[in-house]
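*Asks:* Sequence:
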Amino acid sequence: MNPDLDRLQPYPFARIKSLLAGLKPAATDLISLSIGEPQHRPPEFVLSAMREAWHLIGKYPSMRGCDELRQSIADWLEMRFDLGSGGVCARTQVLPINGTREALFAIAQCLLDRNSSKKVVLSPNPFYQIYEGAIFLAGLSPTFYSLHSNDPERPALPDDNDPLWRDVQMIYICNPANPTGNVMSLEALQKLIANARQHNFVIVSDECYSEIYRDEADPPPGLLSAAHAMGNTDFTQCLVFHSLSKRSNLPGLRSGFVAGDASLIERFLLYRTYHGCSMAPTTQAASTAAWRDEQHVRENRALYNEKYRQVVPILNDVLQVETPSAGFYLWPELGLDDEAFTRDMRQLHNIDVV
999 MNPDLDRLQP YPFARIKSLL AGLKPAATDL ISLSIGEPQH RPPEFVLSAM
1049 REAWHLIGKY PSMRGCDELR QSIADWLEMR FDLGSGGVCA RTQVLPINGT
1099 REALFAIAQC LLDRNSSKKV VLSPNPFYQI YEGAIFLAGL SPTFYSLHSN
1149 DPERPALPDD NDPLWRDVQM IYICNPANPT GNVMSLEALQ KLIANARQHN
1199 FVIVSDECYS EIYRDEADPP PGLLSAAHAM GNTDFTQCLV FHSLSKRSNL
1249 PGLRSGFVAG DASLIERFLL YRTYHGCSMA PTTQAASTAA WRDEQHVREN
1299 RALYNEKYRQ VVPILNDVLQ VETPSAGFYL WPELGLDDEA FTRDMRQLHN
1349 IDVV
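Per the working numbering, the very first residue in the sequence shown carries number 999; after that it's consecutive.
Derived from the structure by calculation, the hints contain no laboratory data.
Here the structure is a predicted model, which is why all the values come from computation and not from measurement.
A couple of the hints might just be wrong.
[What the hints assert, rightly or not] Label-pair restraints from in silico Cβ distances: (1) Lys-1022 to Asp-1073: 51 to 57 Å; (2) Asp-1291 to Thr-1271: 16 to 22 Å; (3) Leu-1045 to Asp-1160: 48 to 54 Å; (4) Asp-1291 to Cys-1087: 30 to 36 Å; (5) Glu-1331 to Asp-1216: 22 to 28 Å; (6) Asp-1073 to Phe-1103: 25 to 31 Å; (7) Leu-1054 to Pro-1156: 31 to 37 Å.
Where a beta carbon is used, it is the ideal one built from N, C-alpha and C, also for glycine.
My request is simple: use the sequences and hints to build the entire structure.
*Replies:* Right, here's the structure in full:
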């Protein structure tokens, strides 16, 4: 048995289940706010594209994904992040993945070297627990940096002259951040890229929430746009992970992509070839349709913004909470024990939170 399995922490929802065991709520109708699952309807045209592709289910899919899907992703990246026509090579710099969860885990198994003298893998805190588990099962341990700082656009990373950078193999960033909603500035991303180039480590940027933001005129910058703007047009040592789960309300489709440094993508493709993670043809057809359309994404943002407009003033009477720049979570200052709050919410109000 792999001994690193014993290093894994209980997953949050297993912890909550234990925490709430035996509680008898006062109400009967449970309100679940404990999982980041979109409640908006999936786009009908995407479902239609999937239905029309059923005849392809009798074919083995390519591990790289079909040309149409990769090109739709490259086109979207160029449009969304101002990378210019031809700024992304669909053949070498894009790889479809079955949702970002499995790929954010797998990239650590592919890139990290447990025998290296460089032992540091940086992770944000708070964090998506996949990062921690991936690092443990790659034989290393996470070093956490706080998302809380005096400047919400700059997480509390080590100073430029901190010797820790020399020992970094990889860093996970989540931009926009889950669950705080903080957005790293273009300048902060470029500073991180400069450190990666100087000290030879890889930046893994989880950008699953990049399309859920408040201001239509000010979309969050991405790692690729930061690299491109500073002349790193090959995206050296940069990988971004995007998903249709939040952008298009398709969490059950399990569809996303990784893009960036072609040399890293090629090694990741080799890993995934043996891992057996090719995307189903029906999913590829649906995904191609989704990446080619922006209208449903704008409508999705409008729905979230309206929800924030309605709920935050109500909550401000009892909680210290602000509308975040991006994402679809609320990150309140409770001023009390979080586990006690979680239990009270279930027992007194029949509301599940995480």
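*Asks:* Give me the numbers of the hints this structure contradicts, sorted from smallest to largest.
*Replies:* Checked against the structure, the hints that fail are numbers 2, 4, 7, while the rest are satisfied.
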